[in-house]
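Enquirer: Just need the whole structure built from these sequences, with the hints factored in.
Protein chains: 2
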Amino acid sequence: MNIETGPIPRLPRGFRDIPPEDVLLRERMIASVCSVYRRYGFEPLETPHIEYLDALGKHLPDVDAPDGGVFAFRDDSAEWVALRYDLTAPLARYVAEHEKDIVFPYRRYQVGPVFRLEKPGPGRFREFYQCDFDTVGAGSPAADAEACCALADALEAAGVERGGYIVKINNRKALNGALEAAGVVSAADGSASDNSLVVLRAIDKLDRVGMDGVIRLLGEGRKDESGDFTKGAGLSNSQIDSIVKYLRASGSGRTDVCDTLFEAVKDSETGREGVSELRAIHDMLSAAGFGEDRAVFDPLIVRGLAYYTGPVFEAALTFETTDERGEKKQFGSVAGGGRYDTLVERFLGRKVPATGASIGVDRLMSALKQLLPPDASAYSAPVLVTAMDPSLMPEYQKLVFEIRSAGIPAELFTGSGGFRKQLKYADRRNLPLAVICGEDELNSGTVSIKDLLLGRELSKDIKDRAAWVDDRPAQITAPRSELVATIKRMLSDNIK
Amino acid sequence: MNIETGPIPRLPRGFRDIPPEDVLLRERMIASVCSVYRRYGFEPLETPHIEYLDALGKHLPDVDAPDGGVFAFRDDSAEWVALRYDLTAPLARYVAEHEKDIVFPYRRYQVGPVFRLEKPGPGRFREFYQCDFDTVGAGSPAADAEACCALADALEAAGVERGGYIVKINNRKALNGALEAAGVVSAADGSASDNSLVVLRAIDKLDRVGMDGVIRLLGEGRKDESGDFTKGAGLSNSQIDSIVKYLRASGSGRTDVCDTLFEAVKDSETGREGVSELRAIHDMLSAAGFGEDRAVFDPLIVRGLAYYTGPVFEAALTFETTDERGEKKQFGSVAGGGRYDTLVERFLGRKVPATGASIGVDRLMSALKQLLPPDASAYSAPVLVTAMDPSLMPEYQKLVFEIRSAGIPAELFTGSGGFRKQLKYADRRNLPLAVICGEDELNSGTVSIKDLLLGRELSKDIKDRAAWVDDRPAQITAPRSELVATIKRMLSDNIK
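Taken in sequence, the protein lines are chains A and B. Going by this note's numbering, the first residue of the first sequence is number -14, and it counts up by one from there. Going by this note's numbering, the first residue of the second sequence is number -14, and it counts up by one from there.
In case anyone wonders, no lab produced these hints; they're calculated from the structure. Do not take every clue at face value.
[Said to hold, decoys possible] The calculated lysine-lysine pairs, modelled on PhoX-like cross-linking and capped at a C-alpha distance of 20 Å, are:
{"hint": "1", "chain 1": "A", "residue 1": "K230", "chain 2": "A", "residue 2": "K208"}
{"hint": "2", "chain 1": "B", "residue 1": "K336", "chain 2": "B", "residue 2": "K354"}
{"hint": "3", "chain 1": "B", "residue 1": "K383", "chain 2": "B", "residue 2": "K354"}
{"hint": "4", "chain 1": "B", "residue 1": "K85", "chain 2": "A", "residue 2": "K409"}
{"hint": "5", "chain 1": "A", "residue 1": "K190", "chain 2": "A", "residue 2": "K153"}
{"hint": "6", "chain 1": "B", "residue 1": "K406", "chain 2": "A", "residue 2": "K85"}
{"hint": "7", "chain 1": "A", "residue 1": "K190", "chain 2": "A", "residue 2": "K314"}
{"hint": "8", "chain 1": "A", "residue 1": "K435", "chain 2": "A", "residue 2": "K383"}
{"hint": "9", "chain 1": "A", "residue 1": "K435", "chain 2": "A", "residue 2": "K473"}
{"hint": "10", "chain 1": "A", "residue 1": "K85", "chain 2": "B", "residue 2": "K409"}
{"hint": "11", "chain 1": "B", "residue 1": "K313", "chain 2": "B", "residue 2": "K336"}
{"hint": "12", "chain 1": "B", "residue 1": "K216", "chain 2": "A", "residue 2": "K406"}
[As the list claims (entries may be wrong)] Listed next, the stretches of chain A that the computed footprint assigns to chain B, with coverage defined by at least 3 CB atoms under 8 Å from CB atoms of chain B:
{"hint": "13", "segment": "117 to 129"}
{"hint": "14", "segment": "265 to 274"}
{"hint": "15", "segment": "387 to 399"}
Computed from a predicted structure; not experimentally measured. Where is the CB? At the ideal position from N, CA and C, for every residue including glycine.
Expert: Okay, here's the thing in structure tokens:
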């Protein structure tokens, strides 16, 4: 490398290039998911990657600087703009801006990259895709039920088999009802004590620490295996009993969960409302044919975002995978959402009911890579037409176009270097076949086709060599007129 | 609107939201174009939207601030980063960064938004899509010929019929040869006098000012209709004759253009090389079956970018359109490209031959909107299942899922408001059909389906009312079991 030359070619920290297979797999996945969204009557919208910082709601009120977590800068009019950090904030801006023209309920989906100025790590990037759909202006639990159905159908369309995922549904109102019933939250104004967060965190830990652990965390506290002590919420025994009653609703059928929940929250109006919404959702799911194999009620679902106000849901993949520590565990959540009514409040000063969900594109991609056959990305490496004799280039061009006309990706070698280098090129790029046409072939009206994948197989696994070579020669010479037919046959042999 | 509430919902200057039809039309267009690229053996690559400013080559060397035209800002490590302004600069960074691992020729395509901090105007936005393909490390004119073929095939795949476009090819070397022959450029070092830009601008104006105008612009200068005088290049008569000889090559068949060009540039080595490359390209085009109806040689093609070093080409649509001033003219250029060898020079200090092209996605979109039938975006507005009686929601849910199962987009009304408001909603959203099921229908085992498009037609065109109503009733009551069949029939009537 020349020292005098300038910049180092490198990517900013936390960013990455996406290789061909992943570009195509993601494209295919998103196309499947979006076709489901459209079938549900959602229409696409594309907002720009840049918004005014105040429209995103990330401007610190008293300081002339943006909140952390967003890529923000001043534009040429010295106004603060920022790269969108999700697709919901731009939706809010869009709905508020066009409020007069939109016919509600407004149902839109959007897919695209979002940007976070956060500490990058393994699998955590500063640019990643989201795939959202939302219904704005619909207060009915029917809209929440539909969102759950759409998530399930979207996962199936993407290639997750039925039984391989589960949509878990809860209702924040039922949860709040349980907190009210336990006296952790005040029924009068719904205001939460600081303690309610400790309680929610304890509930959220059930699958890691077990019911016994949660009970400790709701009480005095819990010591883990390493001896570390986590201070508890300090609830009384009767308060703890009340929460445990709520938690025990988990794990049974949808109507049983509703019955148990009702018992746990019946003293709270919010709680009763929450359970009644869940019953409505159950009726809708059942009418739509979504049984317990696809959607369950799970009182443990909390969902981090503070703004959820009613039903919340997440979709988890149930197949086993190996985590970073080599331990087997369920793959887990790939999508989530819920009801929120504060979408446009920042702009319009009033609440508008909305519900929606977001698929974590990278999470789902990484699952599909484990679930789908390796060629699912639809990436077909091209057949290489080698250029043995530069004076025959127009002849090679004819060959390559004949192959392409049959719909088979094909490429003419246009670089520099002789035949050997061309085969090496094909090999390093993992191309399946090389078409060869020299003086001999030209004169005898034939072409030769080299099976490069077979060549690579053979060099890997010498003992099977004899068997392979018997029914699958590494190079075939065919009449010129049978070029495409021969290539097709060899490619289908390759796939086998 | 509440005055106390904060920000105004608005977009930054020069940015826009893309409506559903356009999102879908663009998706479909890009999918068609990219499938052609893949058939040519190009593989997809996705680089991030953000790069280091110095990697993009837009850092002013002596000033600690970015060049104009790019959105640049400091990241959390205080390094300058910028939104990519095209897809070629990131390709250069990628190739230089992975030089050791890439097997050349490297053939990649990339599609995505790019960002320009330029003055926005009608049809000029600060964020827009590009769709590029390039071959890096291929010096052969075969690679240029292929790029031209790929452009033509891509336009056809997108929906432009053969005959509706033309790929125009020139060679910078032939052009430089003509300038050398005329003594405008020095053959020794290829260095251009300031005058050569004036000459190029004059050549570029041929289709607006005619040969006579160009001759004046090459000489003393030209007065236009308004009386404005443009100072000319001040060439001598023999110099002008030389350039005119070059220009006269335009308008004939590819081999004739080559012959005429050869006469015009034969005293220049560069010029002869340029013509010989054009002849090679002609041979390749002919071998691939690309006749004069798809690709012509046009000595007038200059292409603005300074970095082109060999063949240059652009694809123009030939159908007539009406410009902003109401004048009829050819739609014109939608794609362009050429050979350049400075791609990675900034990083590696040496030249690597490369050739490629870029489709202007917005230009092509706007052409397709005029060329394709209005439903080409594949956007199907959903069928609305109205919710007359809230207690029947699960029944409505069943209906909507039945329709969706048949692959027809359908939506259950989940907003607030009675039947009248629901029909108004369907009307304002331009939905085709509304499914109605009240107590009566439920009891008699039927559903009613209202033809909303017909309703809108009728209210537009009263005189045809009788005819319409005769063979196409605005509302049909069908047995419940014939719901989907009836909807399908009514939708296909709608399309007619």
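Enquirer: It remains to establish, for every hint, whether it holds in the given structure.
Expert: These are the hints, each one checked on the structure:
no.: 1; hint: A:K230 x A:K208; in the structure: violated, 23 Å
no.: 2; hint: B:K336 x B:K354; in the structure: violated, 41 Å
no.: 3; hint: B:K383 x B:K354; in the structure: violated, 37 Å
no.: 4; hint: B:K85 x A:K409; in the structure: holds, 15 Å
no.: 5; hint: A:K190 x A:K153; in the structure: holds, 16 Å
no.: 6; hint: B:K406 x A:K85; in the structure: holds, 16 Å
no.: 7; hint: A:K190 x A:K314; in the structure: holds, 16 Å
no.: 8; hint: A:K435 x A:K383; in the structure: holds, 18 Å
no.: 9; hint: A:K435 x A:K473; in the structure: holds, 13 Å
no.: 10; hint: A:K85 x B:K409; in the structure: holds, 15 Å
no.: 11; hint: B:K313 x B:K336; in the structure: violated, 44 Å
no.: 12; hint: B:K216 x A:K406; in the structure: violated, 54 Å
no.: 13; hint: 117 to 129; in the structure: holds (count 7)
no.: 14; hint: 265 to 274; in the structure: holds (count 7)
no.: 15; hint: 387 to 399; in the structure: holds (count 9)
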